[in-house]
Amino acid sequence: MPDRSSRIRGALMGQFVGDALCLGTHWIYNLRERGRAFPEGIVGFEAPAADHYHRGRKPGDGTHYADAAEAVLASVAEHGESIASDQGERLVRLYGDQAYQGFLDKPTRILLERFRDWERSRPGEPFPFVDGADDEQTVTLSRLAPVVVVHARDHELGQRVEAVVRVCQNNDRAVAHAQVHASILRLLLEGEPLPAAVEAAVATAPAPFAAEVAERRSDALAMLGLPAIHATGEVGRSCYLPNTFPAMLHVALRHQDTLPTALLETARAGGDSASRAAVVGSWLGAALGDEEIPEAWWQRLSARERLEPLIERVVKLGA
1 MPDRSSRIRG
11 ALMGQFVGDA
21 LCLGTHWIYN
31 LRERGRAFPE
41 GIVGFEAPAA
51 DHYHRGRKPG
61 DGTHYADAAE
71 AVLASVAEHG
81 ESIASDQGER
91 LVRLYGDQAY
101 QGFLDKPTRI
111 LLERFRDWER
121 SRPGEPFPFV
131 DGADDEQTVT
141 LSRLAPVVVV
151 HARDHELGQR
161 VEAVVRVCQN
171 NDRAVAHAQV
181 HASILRLLLE
191 GEPLPAAVEA
201 AVATAPAPFA
211 AEVAERRSDA
221 LAMLGLPAIH
231 ATGEVGRSCY
241 LPNTFPAMLH
251 VALRHQDTLP
261 TALLETARAG
271 GDSASRAAVV
281 GSWLGAALGD
291 EEIPEAWWQR
301 LSARERLEPL
311 IERVVKLGA
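Take the sequence shown: its position 75, counting from 1, is numbered 75 in our numbering, and each next residue is one higher.
Just so you know, the hints here were simulated from the structure itself, not pulled from any lab data. Note that this is a predicted model, so its numbers are computed, not measured. Treat each hint with caution, since some may be false.
Claimed, not checked - What follows is a list of derived Cβ distance ranges for each label pair:
(1) Glu199 - Glu291: 34 to 40 angstroms
(2) Glu156 - Ala196: 21 to 27 angstroms
(3) Glu308 - Val130: 29 to 35 angstroms
(4) Ser218 - Glu113: 37 to 43 angstroms
(5) Gly124 - Glu40: 53 to 59 angstroms
(6) Pro39 - Leu224: 27 to 33 angstroms
Glycine included, each C-beta is placed from N, C-alpha and C at the ideal position.
Please model the complete structure; the sequences and the hints are all you need to start from.
Right, here's the structure in full:
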């Protein structure tokens with residue numbers, strides 16, 4: 001059985017590997033079109049096409065989700081805790097830099113707009129980072145692993161997660177799903193098996209979203225006999241949590257003993273695969289430990305040399 005340090009390392013590494021695996025095939029919704037673009041099938045780490053959302057990036061790079069995840073990881077590693085305002089400042093510097101070449105999703109664009117409006121209207125006053133977009137996508141879940149690691153044993157984990165979510169997504173449904181994600185990850189770090197962790201986390205989902213979160217778990221369980229590509233098609237391949245959450249639960253539970261298979265099946269399921277794979281990678285990395293992360297995959301990550309010291313710092317904080 002992996003020890004806590006291995007589980008933490010696995011959660012953090014799994015989040016980044018899952019994202020990078022999906023780079024070139026991320027946000028392709030038409031699977032016939034994707035089949036023509038990749039006639040040999042999806043094997044992971046495909047290069048983005050010239051007209052793709054992540055054009056200009058190469059296999060081993062992360063998506064824009066991973067750029068934000070690295071900023072959150074660095075913040076937590078530096079401060080030893082999750083400080084939402086510091087993470088917000090790092091995101092503004094990252095995405096607001098004119099040299100930044102990555103994709104800007106809706107919550108990020110709105111964060112930048114509100115930050116710049118504040119600077120113009122209230123010069124010298126610190127921006128509060130509490131009023132992100134009214135948005136229900138899986139954006140913030142894809143970068144939460146280090147926040148959960150350092151606060152997993154704190155009674156204030158839920159509040160810390162909420163603060164981080166509201167930086168970019170001031171939306172109660174997004175907060176609730178992020179808190180369930182955090183609860184699953186916390187229990188996995190304690191050594192709970194994935195099915196038990198999911199059941200316990202869903203049972204404590206915050207009102208008024210408890211019933212719909214329970215329905216998403218029920219849907220995932222009902223589809224366990226289906227391959228991920230079909231189950232994801234049933235619930236929808238889009239970026240929004242009502243679609244992504246049951247798809248993530250399904251693939252994680254169906255392939256709970258094999259992280260590489262779970263991540264490849266997530267990539268092959270299409271749509272917003274990168275955000276889903278980041279979450280699934282963190283869950284199964286925590287459940288199975290860092291030895292389940294294929295070394296060849298980890299070595300492919302372009303950011304590996306930057307990530308490793310940050311990860312080790314957070315491992316020490318959470319062990």
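A quick look at each hint next to the structure:
Distance hint for glutamate 199 and glutamate 291: a CB-CB separation of about 26 angstroms, inconsistent with the stated range 34 to 40 angstroms. The hinted window of 21 to 27 angstroms between glutamate 156 and alanine 196 holds, with their beta carbons roughly 24 angstroms apart. At roughly 32 angstroms, the beta carbons of glutamate 308 and valine 130 sit within the given window of 29 to 35 angstroms. With their beta carbons about 38 angstroms apart, serine 218 and glutamate 113 fall inside the hinted range of 37 to 43 angstroms.
The supplied range of 53 to 59 angstroms is met by glycine 124 and glutamate 40, whose beta-carbon atoms lie about 57 angstroms from each other. The given range of 27 to 33 angstroms is respected by proline 39 and leucine 224, whose C-beta atoms sit roughly 30 angstroms from each other.
Consistency with the previously given hints fails for number 1 only.
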